[in-house]
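These protein sequence lines are chains L and C, in that order.
The first sequence begins at 1 in the numbering used here and counts up one residue at a time.
The second sequence begins at 1 in the numbering used here and counts up one residue at a time.
Hints in this document: simulated from the structure, not taken from any laboratory.
Hints may be right or wrong, so weigh each one.
Ranges of calculated distance between the beta carbons of each label pair, as one might list FRET restraints [stated by the list, open to error]:
no., chain 1, residue 1, chain 2, residue 2, range
1, L, Leu-57, C, Ser-314, 19 to 27 Å
2, C, Gln-222, L, Arg-229, 32 to 40 Å
3, L, Gln-222, C, Ala-296, 46 to 54 Å
4, C, Tyr-174, L, Ile-193, 33 to 41 Å
5, L, Arg-44, C, Thr-157, 53 to 61 Å
6, L, Ala-296, C, Ser-314, 25 to 33 Å
7, L, Val-207, C, Gly-191, 39 to 47 Å
8, L, Arg-229, C, Asp-221, 48 to 56 Å
9, L, Ala-83, C, Gly-148, 23 to 31 Å
10, L, Gln-84, C, Pro-324, 31 to 39 Å
11, C, Pro-324, L, Gln-106, 34 to 42 Å
12, L, Asp-361, C, Leu-47, 58 to 66 Å
The C-beta atom is built at its ideal place from N, Cα and C for all residues, glycine as well.
Protein chains: 2
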Amino acid sequence: MKRVGVIGGGQLAWMMAPAAQKLDMSLVVQTPQETDPAVAVANRAVLAAVADASATLQLAKQCDVITFENEFVDLAALAQIEAQGVCFYPKIRSLAPLLDKLDQRQFLQEIGVPTPRFTPIAEELKPQQLSQFGWPTVLKTRRHGYDGQGTFILQATDTLPSTAAATHWLLEEYVPFQCELAVIAARSAAGEIVIYPVVETQQEDQVCRRVFATGFEAATDQAEEIATRILQELDYVGVMGIEFFLTRQGLLVNELAPRTHNSGHYTLDACVTSQFEQQLRAVSGLPLGSPELTCAGAVMVNLLGYEVARRDYSEKRLALSQIPNASIYWYGKTARPGRKLGHVTVRLEPDQLDEAEQIADLIEQIWYPPLGSDDEDIYLEA
Amino acid sequence: MKRVGVIGGGQLAWMMAPAAQKLDMSLVVQTPQETDPAVAVANRAVLAAVADASATLQLAKQCDVITFENEFVDLAALAQIEAQGVCFYPKIRSLAPLLDKLDQRQFLQEIGVPTPRFTPIAEELKPQQLSQFGWPTVLKTRRHGYDGQGTFILQATDTLPSTAAATHWLLEEYVPFQCELAVIAARSAAGEIVIYPVVETQQEDQVCRRVFATGFEAATDQAEEIATRILQELDYVGVMGIEFFLTRQGLLVNELAPRTHNSGHYTLDACVTSQFEQQLRAVSGLPLGSPELTCAGAVMVNLLGYEVARRDYSEKRLALSQIPNASIYWYGKTARPGRKLGHVTVRLEPDQLDEAEQIADLIEQIWYPPLGSDDEDIYLEA
Chain L
1 MKRVGVIGGG QLAWMMAPAA QKLDMSLVVQ TPQETDPAVA VANRAVLAAV ADASATLQLA
61 KQCDVITFEN EFVDLAALAQ IEAQGVCFYP KIRSLAPLLD KLDQRQFLQE IGVPTPRFTP
121 IAEELKPQQL SQFGWPTVLK TRRHGYDGQG TFILQATDTL PSTAAATHWL LEEYVPFQCE
181 LAVIAARSAA GEIVIYPVVE TQQEDQVCRR VFATGFEAAT DQAEEIATRI LQELDYVGVM
241 GIEFFLTRQG LLVNELAPRT HNSGHYTLDA CVTSQFEQQL RAVSGLPLGS PELTCAGAVM
301 VNLLGYEVAR RDYSEKRLAL SQIPNASIYW YGKTARPGRK LGHVTVRLEP DQLDEAEQIA
361 DLIEQIWYPP LGSDDEDIYL EA
Chain C
1 MKRVGVIGGG QLAWMMAPAA QKLDMSLVVQ TPQETDPAVA VANRAVLAAV ADASATLQLA
61 KQCDVITFEN EFVDLAALAQ IEAQGVCFYP KIRSLAPLLD KLDQRQFLQE IGVPTPRFTP
121 IAEELKPQQL SQFGWPTVLK TRRHGYDGQG TFILQATDTL PSTAAATHWL LEEYVPFQCE
181 LAVIAARSAA GEIVIYPVVE TQQEDQVCRR VFATGFEAAT DQAEEIATRI LQELDYVGVM
241 GIEFFLTRQG LLVNELAPRT HNSGHYTLDA CVTSQFEQQL RAVSGLPLGS PELTCAGAVM
301 VNLLGYEVAR RDYSEKRLAL SQIPNASIYW YGKTARPGRK LGHVTVRLEP DQLDEAEQIA
361 DLIEQIWYPP LGSDDEDIYL EA
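Just chain L, same shape as in the assembly (with noise of 0.2 Å):
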């Protein structure tokens, strides 16, 4: 049966094996420590780098296809293993225009996608450079950013931030947005699209708090169309997280992710189709699944660690299994501050919907300490 090979072995990784067990798959992953998520439940790992291109062509020999939940990937050495003959999906020439952040926008420009205004910015920074779409602005590094590390939201008295001499830029416009709305979207390789709800995501420090899919039905048809059109343009194969700022003149596209997306992990709790179930799909040749719900909605909160100290956070867990109708996702991994930990996941009653927000609040009290506790103290200064 098809064996899939995954680059990467986080709690992408993880939250794909049980798909693989209902779809009769085997699953093989490249990660670096035999104590990332995903090797206690795949099948077999070969644990190296992402970027390990040769570890890739150990793991392209016990697979028929290779996927990704990670894009920190060398891209021009997998194109070789490509041309070899190992089946890739997404294409690497779909993920060429993806990987680096300025590519990315100017692919959006081409295909005539909105997005915020951009520019790159020559490695050395100069104030001067800064100004050009007003303050505040938006500073990234081209590649390797995730959960807000390598952004900057800067005002024009910040000092400028000090990285690598290589750092490679981009300047955005900062887009004073109503809020942040995603979508993910999934493709065969016989051109099938399906798109899930549009959820709205609540970020801060830019690292996604909170999500919502509690309807975001005016939204929709314009994300359905930026979504149908990305993956035409690309040929892609496989599932796509594309994150939107929703302004008072539509969606503006805020970034593409080649991979399942944290904005998606509610469709393993209520959704006909998970998202990770859609990628196996997508990247094997069944045909796609349904995206739609199968309740209400659903309100998805992101456990972050908020200390130190080496923990299991256990009593917390404990007290978060009881709230009814909820998931509680624990990716076992190794507890520090701002890192992912976790998730919860309530499906919702019709009756619900409107109280997701209070939710969400109940999650993060019993989560987070108590504002002016100790272990509170430890989290601001992470």
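Knowing the structure of chain L, use the given hints to seat chain C on it.
Same frame as chain L, now just chain C:
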């Protein structure tokens, strides 16, 4: 967090692993072989026979609660372990009337639940003992029967089964049922009860072949009443499979399985809470989940091995995976004729409820070799 021990490591324990992932629990299984399905997905395994109570004592040291996927245990020895403070759910006294088919019938009779007429039979079978319910009649070994092993439907002219001298027998009337039905029911330690939809099960040679969750409302009230009475009378905690004969006079209980059950595999794909998640919820003190369907209905077909040769049936599994809305669970067991190697569930749209039989036929046409082929000959010999 809750660490759940499971006695048995077959496909039922294997299907608990994704539920453990979403409930943030760890699974430890007691099962004889390293190659048993659940070993690969459990957090740990105690490799020992299911009836080895000393191994269960080792299991207990790694768990907060122990439950069952196999009832062929040494109940007296487990009762001693329970007396030392180990938590079993269901409790040992709840299981006591269930493991011997005669005890089970007598228990049901005592609590006023209708069953086929029955009587115990002395160890040495004599033809004149067997005629009291007319012909055909049903002769069963009192313990360790499963999938038709140990059950004989006898005509007056049949020769008697030859088995070990120490076999204890149960004789029953043959019920000319209209069809066979089943329900999965669950009860928590707090006394909360949930009951899944009534399904039709179709057996061949006493082996379950197909399950239809396509609406059996007429039998629902009586099935729920019976299930509730059984769980309450036993002070039962966990999931139970209850098999019925539907007759013109209503339901008769055929058999109780003190664990998850083949008739509930469809719940993985078609219900808010699968029977496997429900068992973890019930035994760990979590609120029970909704047993409601998330689709109009479902059909489940077992994939039985049909030839002696060791093979993985991969081309069959690939063909099955192309059926829309199908999930294929492949247990990874060594194939042999008649063995349950996997199952397929198809979620049904409202307009497909009348086509459920045809969908089951299609699956079996894909799976089993055509009549008259070499494979078919081997199957029939098995």
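Could you work out which earlier hints the structure fails to respect and list their numbers in ascending sequence? 2, 3, 4, 6, 9, 12
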